[in-house]
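*Asks:* For reference, the chains in residue letters:
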Amino acid sequence: MTSALPLRLTDLPLRQPAYVDLIDWDALSASDGQRLREFGLCEGASVEALHHGGLMGRGPIACKVGRMTIAMRRNHAAAITVRTGPQDAVADEEA
Amino acid sequence: MTGLPLVALVGNPNAGKSALFNALTGARQKLGNYPGVTVERKAGRLSLSDGRPVELVDLPGTYSLNPTSPDEQVTRDVILGRQAGERLPDALVVVVDASNLDNHLRFALELIALGRPTIVALNMVDLATRDGLELDAQILSRELGVPVISTVAVRKRGLDHLRGELESMLDSGAGDVAPAGERRDFEGLRREARRIARSAIVRETPSRRLTAAVDRVALHPVAGLFLLLALLFIMFQAVYAWSEAPIAMIEGFVASAGDAVTAALPDGLLRSFLVDGVLNGVGSVIVFLPQILILFFFILMLEATGYMVRAAFLMDGLMARVGLSGRAFIPLLSSFACAVPGIMATRTIADPKDRLTTILIAPLMTCSARLPVYAVIIGAFIPARTVALGIGLQGLVLFCLYISGIVGAMLAALVLRRTVTKGASGGFLMEMPKYQWPRPQDIVLGLWQRAVIFLKRAGTIIFTSTVILWILLSFPKAPENGGVSQVNYSIAGRVANGLNVVLQPIGFNRDISLALIPAMAAREVAVSALATVYSLDADEDEAKLERSLGDRLKDSWPLPTALAFLAWFVFAPQCISTIAVTRRETNGWKWPLFMIGYLFALAYVAAGLTYWTATAAGL
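As they're listed, the protein sequences go chains Y and H. Just so you know, we're using the numbering used here here: the first sequence kicks off at 1 and counts up by one. Just so you know, we're using the numbering used here here: the second sequence kicks off at 96 and counts up by one.
Hints in this document: simulated from the structure, not taken from any laboratory. What you are looking at is a predicted structure, and each value in this text was computed from that prediction instead of being measured. Virtual Cβ for every residue (Gly too), placed ideally from N, Cα, C. Be a bit skeptical, because a hint or two may be false.
Ranges of calculated distance between the beta carbons of each label pair, as one might list FRET restraints [stated by the list, open to error]:
#, chain 1, residue 1, chain 2, residue 2, range
1, Y, Q16, H, I296, 22 to 32 angstroms
2, Y, A78, H, P165, 26 to 36 angstroms
3, Y, Q16, H, G240, 36 to 46 angstroms
4, H, R182, Y, L5, 49 to 59 angstroms
5, H, E346, Y, P13, 54 to 64 angstroms
6, Y, P13, H, D221, 28 to 38 angstroms
7, Y, N75, H, A318, 23 to 33 angstroms
8, Y, E43, H, G259, 37 to 47 angstroms
9, H, G210, Y, P13, 41 to 51 angstroms
10, Y, N75, H, L714, 45 to 55 angstroms
11, H, R182, Y, P13, 51 to 61 angstroms
12, Y, Q16, H, G259, 42 to 52 angstroms
13, Y, P13, H, W337, 38 to 48 angstroms
Computed footprint of chain H on chain Y, listed as stretches where at least three residues anywhere in the stretch have a Cβ under 8 angstroms from a Cβ of chain H [stated by the list, open to error]:
#, stretch
14, 38 to 44
15, 73 to 82
Extracted from the complex, chain H is given alone in its bound form (with noise of 0.2 angstroms):
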């Protein structure tokens, strides 16, 4: 898109920055990298009344420009126009939250003084209505000397006079004021904020905020751990109870799609290859997106409403006693939907040490990657029955290997504080935004990019990493009618049956052991492994095709096994992206080989004592 005019959209975090650029720019969305840094760059295109396109960058939220983390420092060069990658913008677009113009306006003055091409959107302002608060735009206008438009993401009027803004000032090309003489320093800054900000204001009620009336319990020490629990547990019985339709719907068309192809290909490899290893394989991951959504639903609902800092802030004791950083917490939480992003997000915390143990420990958070895991087998082996009170078992499980993770992952903080990362504990300092209700536009957008990421992943790791497993299962062929099964003839069969030695004393056979090896990509090809290996293997029998893998499973694995592969599944790092970002992020392969290596020692250990208990207790 090099060539457009380029525009940045900056400002303070909660400004309702995101919102707006997705109301500005709609679906027309680019996702990429910075150069050098793994800071996400965000840009989209707009469109100018007369259609002219703009490329529209969402910068990283940050309070001055003076970077304390890497994000912050994005901004900071490509305002200055020092990024490389990325050329200098045409104008500014500074986002300010119009309920707190004091703090907001001294970030926007600092810009101001750059002398750039500049815009100023009063954000939010049905927001700081609904707390009592009138503000003239035009008096602000005046005092900042750039034109001020009063925006609320939803609302098209104030996006239209926006565009028209912008509009003219890319015409007139100009706008580039001379910087200021004097560069004022922080108080000076912060001064005049106050100033302009009080002059501006019509009128101020102070009325008893929304946002108050919820925090009496959300922040309850005893309520607000209550209801996060309760919030918890509701997402993960979701998981469970709004996907099944839906699951049964792409379960249907992956069959029938096999039922097309085995109809319309004689028998052979190339079948073999389209059923056994594509449409098994990749479509047994495939089944999982409604889960996956769900999960993520939850997570982008959080987050839009000003939940996640909340929950931060309870949890912070907790973080505390660790050792960690009570801002580890937001990493570690988006690390639920997936530990790449998670690690990312670890940049927002300035203390080094910190910072390398909230990365060890996130690939300990259930991603997403798990759930397919976990729900193939809790659905096989764990009785879809209700325990007490509309509480469903599956969903009961699934909670607890969260949880699971969560402890696994606090004891490897406290162990990793007191020994490789020691060091002097970090802060919490925070702002808790307002609580508002997201648009529905913004989660729907979430979604869609999140689905888009997955089935790009179904569509090449797990595409690929299934064919090779096809490839090595399907080759040399075994002998007809020599007593040796296909999968044990095959190079990943005995590749396996080696790997087992070591396996078989936690309770996992030879299907695990090869499941295990694909799984080293991505921990859902655990599921297309295990697909393709007993599709493959009841291929004498068509009875056995005709039935789903859990149903599979159930008859293959005694139940102490199956528990013992939810256990490994907590804790073994199968994901090549985490251990990619994490040597990204360290900058070498000290850490991540570190990671490796505890991540499956504990792993090794969990699934034993799994095995071992569920074999004693007779299950």
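So here's chain Y without its partners, still in its complex pose (with noise of 0.2 angstroms):
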């Protein structure tokens, strides 16, 4: 398994892939946590950030996770911790 040092989704560069290490649920409320799950993050999913909005970098982030594209406030994204990496912790999780 390689596997860097565990980052936030923040910092994680552009278009590079990760996987999520972990999200910290307390730090979101409880319907933004329920939207974080139903969008499929979980600690194992796949990420990789794709578009930083704003001209500041105080935009929104925008990324996949599996196969859908989607878009929260860095506050969110400052609560998931993510490893670069090749995505195989889903793999293990459901052997």
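Build the complex from these two chains, which are given one at a time in their own frames, with help from the hints.
*Replies:* Okay, here's the thing in structure tokens:
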């Protein structure tokens, strides 16, 4: 398993495949947490940052989760810790 | 349509549900409301292969049976047979996006577990193929235990197959599988969905997707903003450039109808009522149908192509700065068409303060009812010349008016969020759908529904206000040769002269005061009211009667007054429907009254500043 140091989704370089290491659910409101889950975000999901919105880097982040593209604000993205490298955690989890 | 079997169409947002609904029902749709809630009920009639009708209801898109908004709650309640005013559906058609199976199957599994007769429509198979994904519907069907049918809304084969499957399901009456014993939790459903999705994928090539390529430009912080501004700019130019010919046609039709009535009837009250009240009044509003349809065409296209969410993404930085949720952008953009559906669309915003702020500023977005007012004033006072590079001055002024509304709304939000609707800032969590080329039928159907709504308004609210105004303007009859004009002598004229004391400082004349009262019902009425006033005033002078409303305004208003009038309409809350829907959505009179108060204050100040500045500048 190749995995770099964990980093926040906000710090993940664009178009670098990664997977979710940990989500700090307590930092999210119940409904936001539910929505993120419904979008398929969970520990082990593959994630790739695609675009940073806004001119001063304060805008939302668009990222690919599985086959879906979703947009979230930076405060949500900061609650998500990712690891770069190929996605293999999910396979482990399901085995 | 009670008595017919009821089939509910349900699925995730962006599963292509609406296109499928349109393809299955065609133009035979009925829009309504669920009692007690302001969620739209969209139903239509679907014919089975033997011609038997079935009622198909399109439920609001949702991600699970665990609702986070009133829309999603309706979906859950209908499916469970708990929604007032709706019977338990006889069957469910679960729509899933073929290229997003992992996610959509989770909800499908949740629905199948309810044990109701269910068919899964594997939708947008064409887009999945475009993205290099090949699926096996048979494997899916075996794994899910319900029929799975590949559909593409534009192709007939899948639709016929779906109809056939529905037919046998409704005929057998059963299909009512016993609910699955153990109810799986979210995590269990997710894993199961993932496993099934994996098993159904025949081939998956990581093709570089069209969407990703377009997004590199559309979501770029600089290029994307320019693209958005350019799109909006083209939209407002088109409103003028494309509408000339159809407007001339409608004007010609109204004029010839007026001539016919004039020729057929003797001079008198009835003729005045028909020509001055009905034809001139209502006709002056119907003329704007082409422009409104052009505007709606652009908004429908932006929505259907998937661009709207990108625009929300680009604007989110700004929204966050004024304390709004990024979600607020979509209700606000649809308020460009009409604030009523815009305010209803705020139900997707979870945070109450966030939602209230969005409701309060929604009327500042330039709705299509303002278009007739803007168009008539711009047409009369702004010369139709080209500024540069094919950019028309009239379109430019219109663009500026829209921008003023947006800037006003952002400033209002900024102030509101720091005072009356203080609270933590909301979030922005949205799915970005794939780009797709909309089906022409869907756009045409959408335009048709808008046209019907507009003409109904013209036939009811606008017609009634115009008729009442005509009565108030025609009575009591001014004495012959009394030296008092009929308008000044009439009841309406007297009220307007009273109101004018307040409005005179900001450059408004008696006719404007007169038009503003009935325009409380709907903004367009200002135009029909002016048309009626000038039509009655011109009675004695046949030559005047021949001239268009614009020309008459140009003769009787100084430019600063016209500009102040435009500025007034950027802010004034002149729409009974908006006030009513605000009352309904906020459960009381407190907020609608607050909204009326602050918007009228803004309108007064804006019109005043415009008038005084323009006068000082010597315009």
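*Asks:* Looking back at the numbered hints, which does the structure fail to meet, lowest number first?
*Replies:* none
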